[in-house]
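K.L.:
Given the sequences, and given the hints that come with them, work out the whole structure.
So you can see what is in the structure, the chains are spelled out below.
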Amino acid sequence: MPILVDENTRLVVQGITGREGAFHTGRMVEGGTQVVAGVTPGKGGQESQGVPIFNTVSEAARETGANASVIFVPPAFSGDAIFEALDAGIQTVCCITEGVPVQDMLRVSGYIASKDATLIGPNCPGVISPEQSNVSIMPQDIFKQGNVGVVSRSGTLTYQVVNELTQRDIGQSTAVGIGGDPIIGTNFVEILEKFEADPQTECVVMIGEIGGNAEQLAAEYIQSEMKTPVVAYIAGFTAPEGKTMGHAGAIVSGGDSTAEAKSEALRRSGIQAAENPSEVAELVADALGVSSAT
Amino acid sequence: MDLYEHQGKELLRSFGLKTLDGMVATTPAEAKEAAQNIGGTVAVKAQVLVGGRGKAGGIKVVDSPEEAEKAAEQILGMDIKGHTVNKVLVEGGADIESEMYLSIMVDRSEKKPLILFSTEGGVEIEEVADRNPEAIVRQHVDPLVGLVPYEQREVVFSSGLSGDTAKGVSKVISDLYRAFQESDASLVEINPLVTTKSGEMLTLDSKVTIDNSSLFRHQDLVSEEDTRSADPGEQRAQEVGLQYVKLEGDVGILGNGAGLVMSTLDVVAQAGGEPANFCDVGGGADAEKISEALDIVTSNTAVKSVLFNIFGGITRGDEVARGLLTALERSNLDLPIVVRLDGTNAKEGRDILAENTPQNVYTETTMLDAARRAVELAHG
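Protein chains in written order, with my numbering: chain L, 76 to 369; chain S, 8 to 387.
Worth double-checking, as some hints may not be accurate.
Label-pair ranges, simulated between beta-carbon atoms [as the list claims (entries may be wrong)]:
| id | chain 1 | residue 1 | chain 2 | residue 2 | range |
| --- | --- | --- | --- | --- | --- |
| 1 | S | Glu383 | L | Asp155 | 46 to 52 Å |
| 2 | S | Val152 | L | Asn288 | 38 to 44 Å |
| 3 | S | Asp293 | L | Val365 | 52 to 58 Å |
| 4 | S | Val229 | L | Arg137 | 22 to 28 Å |
| 5 | L | Gln242 | S | Glu141 | 36 to 42 Å |
| 6 | S | Glu134 | L | Gln220 | 37 to 43 Å |
| 7 | S | Asp238 | L | Glu335 | 47 to 53 Å |
Using 25 Å as the maximum straight-line C-alpha spacing, the simulated PhoX-like pairs for lysine-lysine come out as follows [said to hold, decoys possible]:
| id | chain 1 | residue 1 | chain 2 | residue 2 |
| --- | --- | --- | --- | --- |
| 8 | S | Lys25 | L | Lys318 |
| 9 | S | Lys214 | S | Lys88 |
| 10 | L | Lys318 | S | Lys178 |
| 11 | S | Lys178 | S | Lys214 |
| 12 | S | Lys88 | S | Lys119 |
| 13 | S | Lys119 | L | Lys190 |
| 14 | S | Lys214 | L | Lys318 |
| 15 | S | Lys119 | L | Lys269 |
| 16 | S | Lys94 | L | Lys318 |
| 17 | S | Lys94 | S | Lys214 |
| 18 | L | Lys318 | S | Lys174 |
| 19 | L | Lys219 | S | Lys354 |
| 20 | S | Lys174 | S | Lys25 |
| 21 | S | Lys119 | L | Lys318 |
Quick caveat, the hints were computed from the structure, so don't treat them as lab data.
For glycine and all other residues, C-beta sits at the position ideal for the given N, C-alpha and C.
P.N.:
Take a look at the structure:
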């Protein structure tokens, strides 16, 4: 049983008629995901990629029983789109959009605490449970169903690591890109809790980067609460101080937020921390006791 | 986006905070005039977006308009940690009684605004935190409810203030919170916040950082000068919406996605090389963007080889390959380029490259091999 999305996921795409919304809806449908509705205000009654469009998320949820949403709307309207999904009773909301203002995310984060819902992102690649459901912009053909959970602050690094795992014939339960922004809906610890409780997941890969202290908090949680082995990788050893490295949240702004400090904190907590993505796959193979030959 | 001191103070004034009288000058003559208008002792302060101005000689306190002119002459055009001084702030003096520290920032792990206050101001807050952590009061604010007056009282009374100072600081906190929220700041800091002998409460120096993602709501703050980067490559990347950072080595790096790019830099270093720069083409880059990115990366003459590392998700491999070929045709670039292409439409991309590969383009199938090859070619 994977986490967050599975074969029962009924997806609504917010912003389905935009360039990215349309392209990735097509790919999710192709991959077998039950995309049951799209939302673009003013285009209700039309269709995109064979999916019916509604004017509002609440109407879409009522008519189609959607229980998950993926958001492809521009940054200025993303906070609003998340509120709309939460108020429509959607349980898993995934916001792909990059560049959502931090103050909007503060309000969303305050609000979501009162809801029984999970927000992934923003500025994230989404969630994929291979062969069950794809609520993401991730390239689904590199995935393979299996028993490794992946949680990452970076989209492309997720693909890199998943690709190396799959090439070694190691499959994944669920891969979650939690996003690279300073304020995100769900942090490492909340995803690690779900993987720990998931019987399918036998090993977890955690991919972090410079900035903030989310990896240190995860290290504490892993050490005190987790039985499932975790292999970690932190990117950004060569990042200079004070420069934003692409992600709004990736900036070395103090001693604790460097890749060295984070890898060190993980190792001190007894967690294996790899030096590069290939080593991640080797360490996972070791943890699972499978042959590392490909 | 960091605001200059004079910009930050102007913003804070518009929310009711008090500062010293000050004027911005771009020439020594203007500085003299400003000092005349203000009268008495003035400080001439370099306006640069970097700390440590005082130590670098970028702040001078003088007693006459003539001295202000001379000070401005010395400070204007100065280089402070790679930032050229184009303007100075000429500011009046104050009879300082006490110095305090106040800031509001986004607390990432709590997902709430955090107020920090200390009666020990004028020095770096990290120093206070090291020496006497109890001297710093911390107060989180619920972003849905906003700042509630009792929270202001919690801050002032638990730091031992009383009387008019307590009242004054309480009002400053409430004004500063409005500034923080309404201007979409990720940090507003007043250090020092001073009380004067005549009982005034002033923002003597401030730091304001506006969340870049919110700038569409604050066009008034984005003046051309303020966003211009010192490096021409960074400037050009900014104009076309690419993320570019200049580093010190000789391997140029082009990739998609912050995480993969950072990881690529690390792997190049592990392979014994040194990255010269990187350009992140972000998500969904088309051929035009790829070609622009390659131009930017190779415009740095230190670059001896280029490592192209793309793992497509929202980005499509065929677009990447076409962009690369377009850029090569246009520029007659003969630097060695190592390409590693995976993910969405990677096969189509690799096919396009296989049909038309120019001599200086090398393809590798793994990131590690690509990094090793790029380092080898840079040194070869």
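K.L.:
For every hint, state whether the structure bears it out.
P.N.:
Okay, the hints, checked on the actual structure:
no. : hint                             : result
1   : S:Glu383 to L:Asp155: 46 to 52 Å : holds (51 Å)
2   : S:Val152 to L:Asn288: 38 to 44 Å : violated (26 Å)
3   : S:Asp293 to L:Val365: 52 to 58 Å : violated (40 Å)
4   : S:Val229 to L:Arg137: 22 to 28 Å : violated (42 Å)
5   : L:Gln242 to S:Glu141: 36 to 42 Å : violated (54 Å)
6   : S:Glu134 to L:Gln220: 37 to 43 Å : violated (53 Å)
7   : S:Asp238 to L:Glu335: 47 to 53 Å : violated (26 Å)
8   : S:Lys25 to L:Lys318              : violated (32 Å)
9   : S:Lys214 to S:Lys88              : holds (18 Å)
10  : L:Lys318 to S:Lys178             : violated (35 Å)
11  : S:Lys178 to S:Lys214             : holds (19 Å)
12  : S:Lys88 to S:Lys119              : violated (33 Å)
13  : S:Lys119 to L:Lys190             : holds (17 Å)
14  : S:Lys214 to L:Lys318             : holds (17 Å)
15  : S:Lys119 to L:Lys269             : holds (24 Å)
16  : S:Lys94 to L:Lys318              : holds (24 Å)
17  : S:Lys94 to S:Lys214              : holds (17 Å)
18  : L:Lys318 to S:Lys174             : violated (39 Å)
19  : L:Lys219 to S:Lys354             : holds (19 Å)
20  : S:Lys174 to S:Lys25              : holds (15 Å)
21  : S:Lys119 to L:Lys318             : holds (24 Å)
Hint check: violations occur at hints 2, 3, 4, 5, 6, 7, 8, 10, 12 and 18; the rest are consistent with the structure.
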